[in-house]
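Enquirer: As given, the protein sequences belong to chains L and V, one line each in that order. The letter at position 41 of the first sequence is residue 41 when you use our numbering, and the numbering goes up by one with no holes. The letter at position 229 of the second sequence is residue 229 when you use our numbering, and the numbering goes up by one with no holes.
Please keep in mind that the hints were generated in silico from the structure rather than gathered at the bench. Ideal Cβ positions, reconstructed from N, Cα and C, are used throughout, including at glycine. Careful, some of the hints might be misleading.
Stretches of chain V that chain L covers, calculated by requiring three or more beta carbons in the stretch to come under 8 Å of a beta carbon on chain L [unchecked claim]:
| no. | stretch |
| --- | --- |
| 1 | 5-12 |
| 2 | 31-44 |
| 3 | 325-338 |
| 4 | 362-375 |
If you anchor each label on the Cβ, the simulated ranges turn out as follows [what the hints assert, rightly or not]:
| no. | chain 1 | residue 1 | chain 2 | residue 2 | range |
| --- | --- | --- | --- | --- | --- |
| 5 | L | Gly-17 | V | Gly-20 | 46 to 54 Å |
| 6 | V | Glu-370 | L | Glu-155 | 43 to 51 Å |
| 7 | L | Pro-71 | V | Glu-40 | 26 to 34 Å |
| 8 | L | Gly-18 | V | Gln-37 | 52 to 60 Å |
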Amino acid sequence: MRAEGQDEAGLLARAKGGDLSAFEEVVRRYQRRVYAVALRIVRRHDVADDVVQDAFIRAHQALAGFDLARPFGPWICRIAANLAVNHVRSPEAREEGLPADHGERGALGSDPLHEVLEVEAREVLERAILGLPAEQRAVFVLRAVEEMSYKEIAEALGLSMGTVMSRLFRARERLAEAVLPYLGPALRRAQGAGR
Amino acid sequence: MSAHVRDRLSAYLDQELPPGERTAVETHLQACDACRQHLETLAAVDAAARALQVEAPPGYFDALPGRVRARLEWPGARARPARFHLPAWTWAAAAALVLGVVTPLTMMSVWRDRPEQLPAPRVAELPPPTAAASPLAGAAGGKLEAKERLADDLARRQAESAPAAAKAQPAKKDSIPSPRAEQDAFAQPPAAPAAAAPSSKALEARKRARDAGGPHEQQQVQTQAQAAGGVTADNRASALRADEPAAAEAETKVLRREPQAAPEGRALAKTSRDKDGAGLREEIVVSSDEARAESPVAEYRRLIVAPAQTLAALRARREAWRAFALSFPNSPLADEARVRVVETGAAAWRLGHDPEDLARLREDAAVYLERKDAAHAARVRAALQKVERP
Chain L
1 MRAEGQDEAG LLARAKGGDL SAFEEVVRRY QRRVYAVALR IVRRHDVADD VVQDAFIRAH
61 QALAGFDLAR PFGPWICRIA ANLAVNHVRS PEAREEGLPA DHGERGALGS DPLHEVLEVE
121 AREVLERAIL GLPAEQRAVF VLRAVEEMSY KEIAEALGLS MGTVMSRLFR ARERLAEAVL
181 PYLGPALRRA QGAGR
Chain V
1 MSAHVRDRLS AYLDQELPPG ERTAVETHLQ ACDACRQHLE TLAAVDAAAR ALQVEAPPGY
61 FDALPGRVRA RLEWPGARAR PARFHLPAWT WAAAAALVLG VVTPLTMMSV WRDRPEQLPA
121 PRVAELPPPT AAASPLAGAA GGKLEAKERL ADDLARRQAE SAPAAAKAQP AKKDSIPSPR
181 AEQDAFAQPP AAPAAAAPSS KALEARKRAR DAGGPHEQQQ VQTQAQAAGG VTADNRASAL
241 RADEPAAAEA ETKVLRREPQ AAPEGRALAK TSRDKDGAGL REEIVVSSDE ARAESPVAEY
301 RRLIVAPAQT LAALRARREA WRAFALSFPN SPLADEARVR VVETGAAAWR LGHDPEDLAR
361 LREDAAVYLE RKDAAHAARV RAALQKVERP
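Bound-form chain V, shown alone:
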């Protein structure tokens, strides 16, 4: 068989050859069985490829037109982010980096120059907020003062390094929103309780994750609070305690409770620890403060555009979708985000086969399927089914 003709059989099949070449190939084919058979094979391959059907998850095509329409109806749907526009979460990540790495390093040098080494103020270590009236007030006064200075210093640094976060919640005690006001800002519709708050199981799972994380995890919570609110729980408690003991006590209680209550009033999403042995990995923090800074559509597009291919990325994306659904429970895209929590979780399980991912997937799917407004239950069931009966 002539290679000269064979390498033109593909274009001949498509009738894309110039007339002269086409005639030459036809002439050759009349005398060459091998080339004719090869041409038949190529045609059969095309026909076979055309006949192959693709199948989407059950219910996918029922929902897709509505999902596209939802994106078109939303005012920001046409606005793609500028090419080099950094989404709000990058500022949060930068702030977290500054606060988590730069600030401690800076503080180390500051503390080296201090006459007394002070531990970092932590809510759990602070004395009861009645220091002013306590007989120990004088003895503790020095440390308390130092903590207040540290709080002021941190607040000032945060204001300088994370203006967006500081703007969202200025580091002034008189401007700290009350817990009620904070919850109001994320007021959930009464008709969709499951949308407004994660399941108790999910909360419990997060608490377990935090508990398992130990000090490292606590530091993350603190960093998230810094990134989201511009002032840490410790700082706020310390600042308040100085002249308003009663208020400080109430605030401290609230702040101590805050991590557990976070999903209600503040959506936090961060990656779980990387079990791939990759060592340190940057935590991804998505707070509702950042999410609020952009429209749901902008946030949705940010999440949906970038592909998540690795196990760590899939887990982070799953949590980001969860945060989206919590942050924008009234958005038409919230249901899709909830479904994506499950689908992304399934992808993470398929890739890593980590039992923790499987447990979370089952839990997320169960929570979704319990919802009365679950518009894509079929998709969730399909995702679950693929995992349970691959």
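Next up, chain L with everything else stripped away, as it sits in the complex:
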């Protein structure tokens, strides 16, 4: 029986019982999401790769205590986010510059947003996200992209709810300011097209 056909709880149960093939399949299913979280926070592929691997290793080590009734995705993303934030808090990361051609920026995909945002606007947004202070960026990614609750973010990053709220507010204000010149016309066109 191929692992792809199995439900998540079954896979996790097998992985919990020591079946590495099952866990490998779990990694396969969640790797893109976890990688996206890590890369958006640490900004470099090589570091994101380390974070992703460590996140899955830690998750495997903690599987024994994992409640199979809970969704695995938010849990593994929290682990990855925590590791990523630990990295960006490190002195080495503070000195880290973003190479001009670092090449690991998020690629622009085809999606409904094409109708709302123009290519330039998305690039501006992308740069603005990458330009956020690391801890604001982490909070924003976990909320806006991973749609975690403030409580989950606070637990994942070891912050108070108030800190989460204020960082998110500041991050969004900066991003909105950056994309507003592009967003306004695009929104108007989208609204016009919708009429």
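Given chain L, put chain V in place with the hints provided.
Expert: Leaving out everything else, chain V in the frame of chain L:
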């Protein structure tokens, strides 16, 4: 627009406001176009951020599950180093520091008290190993004796200052492993010749680097030998020559050849010279003796955990990955290490744009892509492609 409401729009958007505040914001929004537009902007930013996709290098997601599994399958994968546990390479670095700085300083004071100043014994300067039968034996006897004493002194100091290294190769002539035995310890699988040995190009590049380094480089080689083996080539040759001329001659030949043959039997990784003008920079020495002291997983984790951000650190990391692949060619992680040699090299090139880094990157990538067991050729091609066509 009321700032009081605006600074709550973010939490309102997330439905994280208490009911009372939420009602207040909703009431305000009904009467304030600016706040409504701002709320729309915030929502659009979130939606746009969600829609942005990240893209990893080609083949990355094909390989990742297997790489994670490899780490889990390896017995030491769960064992993180203790918080303050010093990895073996730190002992090697400490030994190199002691031998490279402290010992010369100490020896200077020792030599000042000697009636005759003697040059440091070097393989290239030693006479042919037939001193005992030579008519010059008597004339050279004093210097030879002094060199032997120096060798003994160095060996004793190394034994005291670098017990781990000395343990790996005790400074006794009768316990010096034969070159064959040394190679056996690093026996490479016949099925993976490219994994076992670096390319001839790579060896040539290292030789060029050594040649370019001149005396400084030679000193490094000596220091590495000390750190790795606990006794230098010179010492071993000197110690042997005293009573076993024939054996000493053979050993000297081997030792003279050793730097060129080092990657086969001994993995050495050290940073190239810093071109940033930072002046003196500590050489990082990773020898397979240290690497053998820990499991591949422990070494792998050591390399993978600490981020390398500067040009010098990236170069050092590239060479450390190279040493890993040479030291653990049979490990499931060796392929990843080879890929990392290329990727780290690419990062070094992007950061410093040093043509030497680019040349080495191309060479490393070519060597990897020639391998029949290259499991991550796509990643290497992608790294190369980014450099060639940024």
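Enquirer: Confirm or reject each hint.
Expert: Each hint tested on the structure:
1. 5-12: With 3 residues closer than 8 Å to chain L, the stretch 5-12 of chain V meets the three-residue bar; holds.
2. 31-44: This one holds; 5 residues, not fewer than the three required, reach chain L with a Cβ under 8 Å.
3. 325-338: violated (count 0)
4. 362-375: With 0 residues close enough to chain L, the hint is violated.
5. Gly-17/L x Gly-20/V: 46 to 54 Å: 49 Å, holds
6. Glu-370/V x Glu-155/L: 43 to 51 Å: 49 Å, holds
7. Pro-71/L x Glu-40/V: 26 to 34 Å: 30 Å, holds
8. Gly-18/L x Gln-37/V: 52 to 60 Å: Between Gly-18/L and Gln-37/V, where Cβ atoms are some 55 Å apart, the hint holds.
In this structure, the hints that do not hold are numbers 3, 4, in rising order.
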